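Starting from the known structure of chain A, arrange chain B on it as the hints suggest.
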Amino acid sequence: MNTKGKVFKYPDNVDTDVIIPARYLNTPNANELALHCMEDIDVNFVKEVKKGDVMVAGWNFGCGSSREHAPLVIKTCGTGCVIAKSFARIFYRNAINIGLPILECEQAADEIQAGNEVSVDFDSGVIVNHTNGKSYQAQPFPPFIQKIIKAGGLLASLKEEDKNE
Amino acid sequence: MGMTMTQKILAHHAGLESVVAGQLINAKLDIVLGNDITTPVAVNEFKKAGFDKVFNKDRVAIVLDHFVPNKDIKAAEQSKTCREFACAHCVSHFYDVGKMGIEHALLPEQGVVTAGDCIIGADSHTCTYGALGAFSTGVGSTDMAAGMATGMAWFKVPSAIKFNLSGKLPNNCSGKDVILTIIGMIGVDGALYKSMEFCGEGVKNLSMDDRLCICNMAIEAGAKNGIFPVDDVTHEYMKGRTEREPMVFAADDDAEYERVIDIDLSKIYPTVSKPHLPENTAPASELGNVKIDQVVIGSCTNGRMEDMEAAFKVLNGKKVAEGVRCIVIPATMQIMRECVERGYVTAFIDAGAVVSTPTCGPCLGGYMGILAKGERCIATTNRNFVGRMGHVESEVYLASPLTAAASALTGYITEYKEV
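First to last, the protein sequences are chains A and B.
Note that our numbering has the first sequence beginning at 1, numbered continuously upward.
Note that our numbering has the second sequence beginning at 166, numbered continuously upward.
Bound conformation, chain A alone (with noise of 0.2 Å):
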């Protein structure tokens, strides 16, 4: 699994009331949540994002709410993967369990500009940045968490586990 494409840059401690507002979250719907994307710290967000972009952010992001909306939002607008310093407990589960990969990576999160061109390999963990040619070892999920991913989120790895017993 990869992914690659144009980095959108975000600060530290980027929040879930800002990654998804609460003021939308009267709905369920993931395609009408995802048109509101960032929308209180970057209004270009959704109207720039291609699939396969990718988010490069600070420290603890993701912090806040348990809304699971927030990784939810950001794989409906087709972003293939975060890259962080580190990531909210809450946002880190939500994101392998609903199948948005996600990476943590201080010196790519310092390095990685707004508008690079980037490769991510999940399984290896290695991200290649094709501005500069300059590539990152993240660290890879443990076994565990790579049976979650693997089977396409938590649900659907405990129907596998299910079928096995």
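Quick caveat, the hints were computed from the structure, so don't treat them as lab data.
Be careful, since some hints might not be right.
Claimed, not checked - Label-pair distances were calculated between CB atoms; the ranges are:
1) A:Asp-110 to B:Asp-419: 36 to 42 Å
2) B:Leu-181 to A:Pro-11: 52 to 58 Å
3) B:Asn-336 to A:Ser-135: 56 to 62 Å
4) A:Gln-113 to B:Val-557: 20 to 26 Å
5) B:Leu-181 to A:Val-43: 26 to 32 Å
6) B:Lys-218 to A:Lys-4: 42 to 48 Å
7) B:Gly-263 to A:Lys-4: 52 to 58 Å
8) A:Pro-140 to B:Asp-217: 33 to 39 Å
9) A:Gly-125 to B:Ser-183: 28 to 34 Å
10) A:Asn-44 to B:Glu-410: 40 to 46 Å
11) B:Gly-180 to A:Pro-11: 49 to 55 Å
12) B:Leu-189 to A:Gly-115: 33 to 39 Å
What the hints assert, rightly or not - To give an idea of the interface, some chain A residues facing chain B are shown, with a C-beta separation under 8 Å as derived from the structure:
13) Asn-13
14) Leu-25
15) Thr-27
16) Ile-41
17) Asp-42
18) Gly-58
19) Asn-60
20) Arg-67
To be verified - Derived lysine-lysine pairs resembling DSS-like cross-links, with alpha carbons at most 30 Å apart:
21) A:Lys-85 to A:Lys-50
22) A:Lys-159 to B:Lys-212
23) A:Lys-75 to B:Lys-404
24) B:Lys-432 to A:Lys-150
25) A:Lys-75 to B:Lys-582
26) B:Lys-439 to A:Lys-85
27) A:Lys-134 to A:Lys-47
28) A:Lys-47 to B:Lys-538
Quantities reported herein were computed from a predicted structural model and do not represent experimental measurements.
We put the CB at the ideal spot given by N, CA and C, even for glycine.
The following block gives chain B in isolation, referenced to the frame of chain A:
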């Protein structure tokens, strides 16, 4: 090697002799919780995955609290989804309008959660129940769906920071000032992935409402959970409430902590978090002339009886400043009723405040007190992110009920002083 209190609860629920930080475990759940925003997403996932029943109808709690009484047609549809699911699966802890309250005030009050429990909730402030000596943490809707179906959840066993509390809080401070002080000290990711374990001789001087407020905001420091030891105050609170037998766990003497932080409660002062992060704390007395348009006293953080008492103490017989909207929201129907019986509601209305039915409403910018561009609010809620209570260019300052009420009277952020 010894275990922290959290690790002991997790080991017990995973059926293991012991666990260590970093270990991945599957644990049995005592309660799986969701609200009117997160449950509809969980219901979709639950159905999509082909599950047809919940693992135990008495261990699922669904509370309609964020956008009820329904704020609009779409919110009404979400409530309806929850209601139909609860009915179809005979969910015993389903709380609809008239019975509901803000989930994290309601579940402890109704005795649905108890000491020693392992709880997940599709709401980030689920960490509140650590005040009772339970392991309790926020998750997303898919985890809720999986939890409802299987009664299990996976966890990475957290390491912990120990907060050694001593002394007694000054009269103009409460649990809110303690937790804001701590978040200011360690930052919004200061406890990321970790437990915050509160202990020390100062614990006995904190009421249950103080402890619930402190654990409630553990997530605002990035923590997985916050937890207090079980003592006389806990037992007194749980007596006659809890429907299940509590289990008491205590940290081992040789438990390992990543960091130990000493907090002298007597040195705490009324604290305010400035926009747009809870870690931007400052003494209320040093803010200068910060004019406010709105005051909100309520939420899962500070909508409990002691918070209402604090608001009453300040507002009774006084008038809210000209140009300030003061909104008081008791967190549950029981608290609301108590406020009516004690004459608090009359006092709030006479002071020029409004009193609302329980709802999370304004805290997350849902409804019941949305801010316009450039407006400023002091709130007893838990987050002051960009756009949290309304317009992207509005501002939220977080504070205790005493500070918020004192500010309502003056029209600018004011430290409460005993007269």
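Results of checking the hints against the structure:
| no. | hint | in the structure |
| --- | --- | --- |
| 1 | A:Asp-110 to B:Asp-419: 36 to 42 Å | holds, 39 Å |
| 2 | B:Leu-181 to A:Pro-11: 52 to 58 Å | violated, 40 Å |
| 3 | B:Asn-336 to A:Ser-135: 56 to 62 Å | holds, 60 Å |
| 4 | A:Gln-113 to B:Val-557: 20 to 26 Å | holds, 25 Å |
| 5 | B:Leu-181 to A:Val-43: 26 to 32 Å | violated, 49 Å |
| 6 | B:Lys-218 to A:Lys-4: 42 to 48 Å | holds, 43 Å |
| 7 | B:Gly-263 to A:Lys-4: 52 to 58 Å | holds, 54 Å |
| 8 | A:Pro-140 to B:Asp-217: 33 to 39 Å | holds, 36 Å |
| 9 | A:Gly-125 to B:Ser-183: 28 to 34 Å | holds, 31 Å |
| 10 | A:Asn-44 to B:Glu-410: 40 to 46 Å | violated, 56 Å |
| 11 | B:Gly-180 to A:Pro-11: 49 to 55 Å | violated, 43 Å |
| 12 | B:Leu-189 to A:Gly-115: 33 to 39 Å | holds, 38 Å |
| 13 | Asn-13 | holds, 6 Å |
| 14 | Leu-25 | holds, 5 Å |
| 15 | Thr-27 | holds, 5 Å |
| 16 | Ile-41 | holds, 7 Å |
| 17 | Asp-42 | violated, 11 Å |
| 18 | Gly-58 | violated, 10 Å |
| 19 | Asn-60 | holds, 4 Å |
| 20 | Arg-67 | holds, 7 Å |
| 21 | A:Lys-85 to A:Lys-50 | holds, 23 Å |
| 22 | A:Lys-159 to B:Lys-212 | holds, 12 Å |
| 23 | A:Lys-75 to B:Lys-404 | violated, 47 Å |
| 24 | B:Lys-432 to A:Lys-150 | violated, 52 Å |
| 25 | A:Lys-75 to B:Lys-582 | violated, 50 Å |
| 26 | B:Lys-439 to A:Lys-85 | holds, 25 Å |
| 27 | A:Lys-134 to A:Lys-47 | holds, 28 Å |
| 28 | A:Lys-47 to B:Lys-538 | holds, 24 Å |
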